[in-house]
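If you want the building blocks of each chain, they are given just below.
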Amino acid sequence: MPILSTVLWLPIVAALVLGFFPRQAAGAIKGFGFAASLITFLLSLGIVSGFKEGVAGYQLVELAPWIPQWGISYSLGVDGISLWLVMLTTLLTPVVLLSSWNAIHKYPKEYVISFLVMEAAMIGVFLATDLVLFYIFFELTLIPMYLVIGVWGGKNRIYAAIKFFIFTVTGSLLMLLGIIYIGFQYMHATGRPSFAIADLYGVGVTPYAQTLLFFAFSLAFAIKVPLFPLHTWLPDAHVEAPTGGSIILAGVTLKMGTYGFLRLVLPYFPDASIEYAPLFIALSVIGIVYGALVAWVQPDMKKLVAYSSVSHLGFCVLGIFAMNQASIEGSILQMVNHGLSTGALFLLVGVLYERRHTRMLADYGGIAHTMPLYTTFFVIAMLSSVGLPGLNGFVGEFLILSGSFQTAPIATTIASTGVILAAIYLLWLVQRVFFGPITLEENRKIPEIAWNEVAALVPLIILMVWIGVHPNTFLRKMSPSVKQLLAVVKSEDRGKVMFANARPGANSTHAEKGGAR
Amino acid sequence: MLNNLWLIPIAPFVGFLINGFFGKRAGKTFVTAVAWLGSFAAAALGTLAAFEYAGQYHHGERHLNVIYNWFSSGNIGADIAFQLDPLSIVMLMVVTWVGFLIHVYSAGYMAHEEGYWRYFAYLNLFLAAMLILILGSSYLFMFVGWEGVGLCSYLLIGFYYDRDFAAAAGKKAFIVNRIGDFGFLIAMFLMFAYLGSVDFAQVSQRAMGSGIDGGLITAICLFLFLGAAGKSAQIPLYVWLPDAMAGPTPVSALIHAATMVTAGVYMVARTNVLYRLSPTAMAVVATVGALTALFAATIGVRQNDIKKVLAYSTVSQLGFMFIGVGVGAFSAGVFHLVTHAFFKACLFLGAGSVIHAMSGEQDIRKMGGLWKKIPITAWTFLIATIAIAGFPPFAGFFSKDEILASAFSTPYFPGLGKLIYVLGTIAALFTAFYMFRLFYLTFFGKFRGTHEQEHHLHESPATMTIPLIVLAALSAIGGLIGIPHVFGHNWLAEWLHPIIPPLPGVHDLHIPANVEWAVMIVSTLVAAIGLFAAMRLYRDRGVAADEAFERRSPGLARTLENKYYVDEIYGRTVVTPLEVGSRFLWKVVDSVIDGIAAMLGFFVRGFGDLLRFFQTGNVRNYALMFFIGVVVFMWVLR
Numbered sequence: 007m008p009i010l011s012t013v014l015w016l017p018i019v020a021a022l023v024l025g026f027f028p029r030q031a032a033g034a035i036k037g038f039g040f041a042a043s044l045i046t047f048l049l050s051l052g053i054v055s056g057f058k059e060g061v062a063g064y065q066l067v068e069l070a071p072w073i074p075q076w077g078i079s080y081s082l083g084v085d086g087i088s089l090w091l092v093m094l095t096t097l098l099t100p101v102v103l104l105s106s107w108n109a110i111h112k113y114p115k116e117y118v119i120s121f122l123v124m125e126a127a128m129i130g131v132f133l134a135t136d137l138v139l140f141y142i143f144f145e146l147t148l149i150p151m152y153l154v155i156g157v158w159g160g161k162n163r164i165y166a167a168i169k170f171f172i173f174t175v176t177g178s179l180l181m182l183l184g185i186i187y188i189g190f191q192y193m194h195a196t197g198r199p200s201f202a203i204a205d206l207y208g209v210g211v212t213p214y215a216q217t218l219l220f221f222a223f224s225l226a227f228a229i230k231v232p233l234f235p236l237h238t239w240l241p242d243a244h245v246e247a248p249t250g251g252s253i254i255l256a257g258v259t260l261k262m263g264t265y266g267f268l269r270l271v272l273p274y275f276p277d278a279s280i281e282y283a284p285l286f287i288a289l290s291v292i293g294i295v296y297g298a299l300v301a302w303v304q305p306d307m308k309k310l311v312a313y314s315s316v317s318h319l320g321f322c323v324l325g326i327f328a329m330n331q332a333s334i335e336g337s338i339l340q341m342v343n344h345g346l347s348t349g350a351l352f353l354l355v356g357v358l359y360e361r362r363h364t365r366m367l368a369d370y371g372g373i374a375h376t377m378p379l380y381t382t383f384f385v386i387a388m389l390s391s392v393g394l395p396g397l398n399g400f401v402g403e404f405l406i407l408s409g410s411f412q413t414a415p416i417a418t419t420i421a422s423t424g425v426i427l428a429a430i431y432l433l434w435l436v437q438r439v440f441f442g443p444i445t446l447e448e449n450r451k452i453p454e455i456a457w458n459e460v461a462a463l464v465p466l467i468i469l470m471v472w473i474g475v476h477p478n479t480f481l482r483k484m485s486p487s488v489k490q491l492l493a494v495v496k497s498e499d500r501g502k503v504m505f506a507n508a509r510p511g512a513n514s515t516h517a518e519k520g521g522a523r
Numbered sequence: 003m004l005n006n007l008w009l010i011p012i013a014p015f016v017g018f019l020i021n022g023f024f025g026k027r028a029g030k031t032f033v034t035a036v037a038w039l040g041s042f043a044a045a046a047l048g049t050l051a052a053f054e055y056a057g058q059y060h061h062g063e064r065h066l067n068v069i070y071n072w073f074s075s076g077n078i079g080a081d082i083a084f085q086l087d088p089l090s091i092v093m094l095m096v097v098t099w100v101g102f103l104i105h106v107y108s109a110g111y112m113a114h115e116e117g118y119w120r121y122f123a124y125l126n127l128f129l130a131a132m133l134i135l136i137l138g139s140s141y142l143f144m145f146v147g148w149e150g151v152g153l154c155s156y157l158l159i160g161f162y163y164d165r166d167f168a169a170a171a172g173k174k175a176f177i178v179n180r181i182g183d184f185g186f187l188i189a190m191f192l193m194f195a196y197l198g199s200v201d202f203a204q205v206s207q208r209a210m211g212s213g214i215d216g217g218l219i220t221a222i223c224l225f226l227f228l229g230a231a232g233k234s235a236q237i238p239l240y241v242w243l244p245d246a247m248a249g250p251t252p253v254s255a256l257i258h259a260a261t262m263v264t265a266g267v268y269m270v271a272r273t274n275v276l277y278r279l280s281p282t283a284m285a286v287v288a289t290v291g292a293l294t295a296l297f298a299a300t301i302g303v304r305q306n307d308i309k310k311v312l313a314y315s316t317v318s319q320l321g322f323m324f325i326g327v328g329v330g331a332f333s334a335g336v337f338h339l340v341t342h343a344f345f346k347a348c349l350f351l352g353a354g355s356v357i358h359a360m361s362g363e364q365d366i367r368k369m370g371g372l373w374k375k376i377p378i379t380a381w382t383f384l385i386a387t388i389a390i391a392g393f394p395p396f397a398g399f400f401s402k403d404e405i406l407a408s409a410f411s412t413p414y415f416p417g418l419g420k421l422i423y424v425l426g427t428i429a430a431l432f433t434a435f436y437m438f439r440l441f442y443l444t445f446f447g448k449f450r451g452t453h454e455q456e457h458h459l460h461e462s463p464a465t466m467t468i469p470l471i472v473l474a475a476l477s478a479i480g481g482l483i484g485i486p487h488v489f490g491h492n493w494l495a496e497w498l499h500p501i502i503p504p505l506p507g508v509h510d511l512h513i514p515a516n517v518e519w520a521v522m523i524v525s526t527l528v529a530a531i532g533l534f535a536a537m538r539l540y541r542d543r544g545v546a547a548d549e550a551f552e553r554r555s556p557g558l559a560r561t562l563e564n565k566y567y568v569d570e571i572y573g574r575t576v577v578t579p580l581e582v583g584s585r586f587l588w589k590v591v592d593s594v595i596d597g598i599a600a601m602l603g604f605f606v607r608g609f610g611d612l613l614r615f616f617q618t619g620n621v622r623n624y625a626l627m628f629f630i631g632v633v634v635f636m637w638v639l640r
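First to last, the protein sequences are chains A and B. Here the first sequence stands for residues 7 to 523, numbered as in the working numbering. Here the second sequence stands for residues 3 to 640, numbered as in the working numbering.
Keep in mind that the hints were calculated from the coordinates and are not lab data. Note that the Cβ used here is the ideal one computed from N, Cα and C, for glycine as well. Some hints could be false.
Keeping only pairs whose Cα atoms sit at most 25 Å apart, straight-line, the calculated DSS-like set for lysine-lysine is [unchecked claim]: (1) B:Lys448 - B:Lys368; (2) B:Lys448 - B:Lys310; (3) B:Lys375 - B:Lys420; (4) A:Lys309 - B:Lys589; (5) A:Lys161 - A:Lys112; (6) B:Lys448 - B:Lys375; (7) B:Lys375 - B:Lys310; (8) A:Lys451 - B:Lys26; (9) A:Lys161 - B:Lys589.
The calculated label-pair distances, taken between Cβ atoms and stated as ranges, are [what the hints assert, rightly or not]: (10) B:Glu456 - A:Val471: 49 to 55 Å; (11) B:Gly597 - A:Gly52: 48 to 54 Å; (12) A:Glu447 - B:Arg585: 36 to 42 Å; (13) A:Pro378 - B:Val488: 58 to 64 Å; (14) A:Lys161 - B:Gly597: 19 to 25 Å; (15) B:Gly417 - A:Pro378: 57 to 63 Å.
Pulled out of the complex, with its shape left as it was, chain A reads as follows:
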């Protein structure tokens, strides 16, 4: 069974089937959607078990010609960089559908369909090994997210949805031009068309073109991440998005930006990447501090968590542009960590919003008394987010910072103040919402967290502990791919290294292809 395609298309098939469900059967729709996403997750565990440690290139590859005259193919593969992001996606989708079981009253069918389509598109982004296919999935994620914000969002949903759309589309249009340009260059150089991501690693472009292309791609991804100062769409999108939308937005879609840097920008434009690394390191450090400071003064819980994402993703970008083994592995791990911890935080904020219909810190206080179990979950998620050792966030941050310190000590030292700032804004949030006396009567009787919400949180917490206690489970699988990536970026005669692993169908990758069957 072609496992990657199965995981990729199962949500789409489920979405199509859902189309035939009667509109009134809300329970059946939710149940079916959840079951489909859960099965997708269980199947995706097969990717992990089929994934071989110690292999750098794409594994479990699937290849079919799609538009051969243009060199575009339907090709999928997974390597150490994408593996855990795929898993994060397949995990978070059922979590979202489970936790929002009782939260969605409007168009439940379309809601579930949107999330399933989005899941497939995100999986596609991480699995695609063809640039055009990557781009299609990359853009495809926009539409369901746009709908989720625009239809199921809050008061200002239209504004937020359009802002989200325009920001992200602006960046990716330039990237499309870049993709076409690179494809032409390859055709020009070799005489045969190809858009296979690995083929194009070797394509030679002039330094000037490399710089332009670097910025075209980087803009797209920097907006997605979002990197300071391109972050202003994010708080609005989060505040207006329904809880599920926020979880997926922060949990996965932002990572498409950091993933893009790793998968495309660094290996395609190594010279420009190295040349402009100081710029990106500076922006990410500013983002870390800026996001944290602004998060601290937010009166709205969701906005606070949204700005904290700007800060956390700053760590990821810092790790990427510090360009060493530890910092990049830490960065990938941190992408997953952020998905878990911020996903959990958004979920928890949603739980409270569901019950009290306000997200203002000032409307709470003393909730620990009313909802002790809920408080426990929140504190654990908070501790994961502030990077308490023993939980996931610490390992990722530590690897990023200690790795980056070796390339950019000053910047990293400044970035490390983010560790202090994270404690400031999150502890402030917890103190304001959960502790102190109960000042408002409404807060005296809030129903405790429900079973479906607990069930959605428990796997996240298990993973927080797992990654915190035994991160090697995750690091070991990503390490060879990162090493190879660095070899490509840093070696003088780059290209050759990647060419050896180039097209999934090429001679050198028989062994891995064999493993896929």
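Go by the hints and put chain B onto chain A.
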């Protein structure tokens, strides 16, 4: 046992899990049994391991027990590994046994609290984290415990979370500690970058190697000390500890006096090789220690909350420990850590017993005359007070004295050393004074509280008094483990000797006999002066002396009462500007960015118009657009 050292921290951790999951529904007896068992198991297993160690290793070698590789990535990585050596054994004994005593005491003290199970779950978790801190074999694994105890401190300070002040104090403790942790982290980054490891032994080994820049060593030491200053409440990061008194009193005894706050001293002693290679760093440690010792002692003179006096006293005593490790007397610093754990735990638990008897009252101005009413508490409190004031042969005398004599004769910075000695001796004078002030105001004179309080006065139950008696006994005789050379055998110094390896070109500290004698005599005199001054002022007249002082110099009195306004200064110079700046970033900078984006958007207005078409709000339209888009795109590409 030696190859299963992980069992020691796991024992209380299991207690935490059991009480955390089931404690709420289980009865108090169950909770108590689990918590006591968890902490007792740690103490028993730890003692067993210590004996096994002593049987196997005769030269203080390190016993390493690697559990598994925590993570490794590039040149960054660390093991989950425990170690046992003379220093960790000293810490282990203090932490587990004092910890166990306080677990016992807590059962009495917390008996009527609503969150009984939660309290004991946190307390067990704390013990587990503290044991990781002292048994971890690398800075990184130690950091796990380091942050873990910080978390428990946060949770326990905020135990009464429905009180605003307690919640704020917990947060403050965590954040100020995080500032220190920032330093700890940077120190580890430096170690990885330049020494290639964070394992204690390897770091020391490589730091001794040739070709290591002195500036690097100084930087590592100073960043580590920032961490130590946070955890061990030294200037400028001490401000969290007095507020931490918002937590239950046994917590103050365990975490904020006997164990966690001494972690910074332990860390410096553990890093003694690097410190000895950097006299600059040592001078900083000793100077900060001396200033903190004196500064906090002066504040202690005019505090009226029984726990606040003890809190500033702890800050001050920690300063003494840093003088010790800072001037190169590492075993003296650890010695004071041990004796302080005895007498300060005794004092805090005694304070708890007083508060218990006084129906929750903490203001010593409203106490007085308790000597006859709660005799066991009073006697044990007196013994601990004598110990901290520094009268021979009580515990505090020997340890404080070794520190002061070492400061006087340090070879690393002889001039500065003498100055530090003077500062330390003045601090000792204040110590004796404020402690006996506290003692007399609490136990002597007339009762100044309400009738109702007087009616309720009672001695505490046995679960509380037995730990007090044990700790008082240790406060009395605990100093014998480290008597000065002029009297004979300093057992502790010899036991700890192997962890302080000789360094080429570095002179080790040696205290001449005449200095030892002179310092002992001066110290005893100073303690006596403090005692007599306090006795004259407070024994019979109660608070009148304080009121007279306030009339005579109101400015100074108020400054001391308000702790030199340090919290206010931090608020105005750090917190407020940061908050205003953050609001500026949010309200102004973010808006400017949005404005620029909107301007750019203006140029692509046409695109926006196109988008407006999407805003129909009709889901069917959206879905339609979506499919048309995909189909068109695919068709175009084909």
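Here is what the structure says about each hint:
The straight-line distance between the Cα atoms of lysine 448 (chain B) and lysine 368 (chain B) is roughly 10 Å, inside the 25 Å bound, and the hint therefore holds. Between lysine 448 (chain B) and lysine 310 (chain B) the CA atoms are separated by roughly 22 Å; this keeps the pair inside 25 Å, and the hint holds. This hinted pair does not check out: lysine 375 (chain B) and lysine 420 (chain B) have alpha carbons roughly 45 Å apart, beyond 25 Å. For the hint linking lysine 309 (chain A) to lysine 589 (chain B), the alpha-carbon distance of about 13 Å falls within 25 Å, and the restraint holds.
With a CA separation close to 15 Å, the supplied pair lysine 161 (chain A) and lysine 112 (chain A) stays within the 25 Å bound. Taken as a hint, the lysine 448 (chain B) and lysine 375 (chain B) pair is honoured in the structure, with Cα atoms around 12 Å apart against an allowance of 25 Å. At most 25 Å may separate the alpha-carbon atoms for a hinted pair to count; lysine 375 (chain B) and lysine 310 (chain B) meet this at roughly 23 Å. Pair hint lysine 451 (chain A) plus lysine 26 (chain B) holds up; C-alpha atoms about 20 Å apart against a cutoff of 25 Å.
Proximity of lysine 161 (chain A) to lysine 589 (chain B) is assessed by CA-CA distance (about 21 Å); at most 25 Å being required, the pair is judged to hold. Distance hint check for glutamate 456 (chain B) and valine 471 (chain A): the Cβ-Cβ separation is about 52 Å, which falls inside the suggested range of 49 to 55 Å. As the Cβ distance of glycine 597 (chain B) to glycine 52 (chain A) is approximately 49 Å, the hint placing it in 48 to 54 Å holds. For glutamate 447 (chain A) paired with arginine 585 (chain B), a C-beta distance near 30 Å fails the hint of 36 to 42 Å.
The hint said 58 to 64 Å for the Cβ distance between proline 378 (chain A) and valine 488 (chain B), and at roughly 59 Å that hint holds. At roughly 22 Å, the beta-carbon separation of lysine 161 (chain A) and glycine 597 (chain B) lies within the given 19 to 25 Å, and the hint holds. A C-beta distance of roughly 58 Å is found between glycine 417 (chain B) and proline 378 (chain A), which places it inside the suggested range of 57 to 63 Å.
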